[in-house]
Amino acid sequence: MNSVYSTDEEKAEAIREWWKKYGASVTAGVVLGLAGIVGWKFWVDYREGRAETASDTYIALTRAAERDAETVQRQVDQLRQDHARSPYAALGALDLARQKGEAGDFAAAAAELRWVRDNARQDEVRRVATLRLARVLAAMEQYDEALRLLGESFAPTYTALVEELRGDIHRAQGRADEALAAYDRALQATTENNEYLRLKRDELQARGNGR
Amino acid sequence: MLQTIRDRASGWFAYLIVGFIIIPFALWGLNEYFGGGAQLVAAEVNGVEIPVRAYQDEYRDQRQRLQAMFGGRVPPELLNEQVMRENAIQTLVRKELLQQLASKEGYRASPAAVLDAIRDIGAFQREGHFDVARYTQVLESQRLTKAGFEANIAQGLVLDQFQNGIRDSAFVPAASVEDYLRLRDQTRELSYLIVPAERYAATAQVDDAMVEQYFREHTAAFQTPERVRLAYVELSERALVAQITVDEDEVRRYFDDHADRYATPEERRVSIILARVGHDAGAADERAARERIEALATRIQAGEDFAVVAREGSDDELSRTNGGDIGFIARGDMDPALDAVVFTLPVGTASVPLRTAQGFQLAQVTEIKPAVGKPYDEVRAQVEAELRSQAAERRFLADSERLLTLSYENGDSLEPAAGAIGADIQTSGWVSRDRGEGIGQFSEVRRAAFSDEVLRERRNSDMLELPDGRLIVVRVDEVQPAAQRPLGEVQGEIREILKRQVMQTMARADGEKLLAAVDGGDRSLAQAGRELGLDVVRTGAVTRGAQEVPPAVLARVFNMAPPDADRQVRHAGLELPGAGYAVIALTAVHDAAADADVMRATARTLGRLHGALELDAYLRTLEAGAKIRIYRDNL
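As given, the protein sequences belong to chains A and B, one line each in that order. To convert, take the position in the first sequence, counting from 1, and add 2; that gives the numbering used here. To convert, take the position in the second sequence, counting from 1, and add 1328; that gives the numbering used here.
Just chain A, same shape as in the assembly (with noise of 0.2 Å):
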């Protein structure tokens, strides 16, 4: 190869040509590769940085939980505002269901987890925000609303839930066969010990044998 070059004039020559007519760009590519490498440090330092004040709110929402109702909401909604996208606006969302469930506000319970189940970023926290919304709608008599929501797909790790859940339902209807069918099914798809399932099923069975 030696003999494309003959001098090494020729050589410098070559090599200057060639800056001239590519060297603008090669500058300007290698500045934007260096600007796009410190951009994208930026970017996950200031991510990182969201992510752990969402989780300082996070965390002082679940402390002041027990006392202060207002503290809560508001905190949840500053999640929900700016770090809609955060796991912690969903767990937060999550726990004021409860508080609301607990205190008997079922519409209000209802109300925060249809926006978990419409917002959160996890298949997962929406499927088990769909479960428990189910929960409070069959506590509201909604039951067919309820039914609806347990007959879209669950993985079968969620058997046991949905089944039990379906079982009171029906109970609740007046439907005993279909209710201790489900409770069967739920029994059967069961991996812990669940006293209260084994104690509905077995009174609408005994039920049954009075009959």
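This list has only true hints and no planted wrong ones.
Taking beta-carbon pairs under 8 Å as the criterion, some of the chain B residues facing chain A (in silico):
no.: 1; residue: Ser1438
no.: 2; residue: Ala1441
no.: 3; residue: Ser1497
no.: 4; residue: Phe1499
no.: 5; residue: Tyr1508
no.: 6; residue: Leu1511
no.: 7; residue: Met1888
no.: 8; residue: Ala1889
no.: 9; residue: Ala1931
no.: 10; residue: Leu1934
no.: 11; residue: Glu1942
no.: 12; residue: Ala1952
Since the hints were made in silico from the structure, they are not lab data. In this text the structure is predicted, and so the values were computed from the model without any measurement. No residue lacks a Cβ here, since even glycine has one placed at the ideal position from N, Cα and C.
Given chain A, work out where chain B should sit, using these hints.
For chain B alone, kept in the frame of chain A given last:
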């Protein structure tokens, strides 16, 4: 091609290329490229490898936890190697998966939250308050760096948030809580009688034909198991301790040589100032830190108070507020560089700047608690015991080596090994595959005794370690083969079994007749009982956990339909295997009503339970969706 590259790789063009290559290294560091290296992998979770070392640590931790739980004597069925290995690897896999997920989904812990969590840890507190010296000491004694420990805490916080966030936010509507309590605390009133099998002891008949038939159908049950008598040699450290004698001179000499071990060691109260700079920091940072510490040292030399300078200039957040005080320190508690200086400094003089793992430090001793020696007479017994156990340990090691080698090399006899360690050959009682006394109680001994090598080839066993620390080698001394017992020898046993069966059948027949009579309304259970001369037990309202009713009867009672207008008493029968037949009358069911306090507490428990079930479903779904590979060959 290479030639071309070499020709062109000179002058500014070459520097340009080298410059390009430098950029990634400058930004990300060399270790990212060469980190890890070849190491055995236990499992892979979504492409992230879990090294075998982490698995071994986890396995050991779980084993130790188990041992601690049972005070060192773990029931052998729990010490199932395979199950424990599986548990360890599953724990690690789930943890790794959770970590990946938490990180991907944006769970984070801020430095402030980490600091808060550390302040709450009991091990770092003195009199209920966080104590910096203690924190530093505990970490150093565990050989942990602050950065590593704090990263660990952050990780733990994030996992807690993730899991608690799902689990603790579940709730159960009040009506369900009420319903649960109504069922759980429900009480029932009943009476029952038992037609006991014993009642038919005199009338039950068993004839020879029945005995023969039973014998024919159950021959295998009437065999004596194969049994062996074992000869064995044992080596026990405890026994060796008793054999060893130590003379007074030796004890005295050992005490003189190791006087510091029998003293409360010297402690010094230390203050420090830190200019933080890591070992891997660049030369510029290093120089900056050195200049900073030297400036601070100058101020102290000029007469400024160490504490004031520490408060203003130290980088150690934890001790700075206390004027650099990190409390009392014993030799070996700190960084070696610091340790060497602190234990030579007089009180009140600041050290020169020292380079430690954390950066540049100044130290000052504020108080000295001198070492306090103990008199010889007070510790004589302790020194002697120590000498004896040291000697015993040495002998135990040497003898175990001999026992192992000689019993293996002379597989046909225990004598050479026994002779070499000065032990007697002992003989066990009869040991079967699943039962034995003395050394036969240990499953590892039985397993070895019935292995092909020992039982069929009549060779010495491997050296076995018993759970109490003894080492033994066994060989089979005598074998008693399995044998069929003749009908004549076992017919008494069979007659007894059959008689019980007949008695049970008769009790059931009468019990069912009685049930039909009371259920048909001919008479009450009390009347029927009187006629047969059987006691009827009448209970008040009993709960599901009632102690006064036999558990089987109680379970049946709570599974009966409640009485109603048509049937004011419900009846049921229940066979009690071997004990007879129970007839039950259920007269009333009382649903429980809960007060507000119980409701509140139960709502919380029930909510948590649901939350735990939901979290479990959540995690199992994730596991199903993750790419998990476990390399069992490497475990």
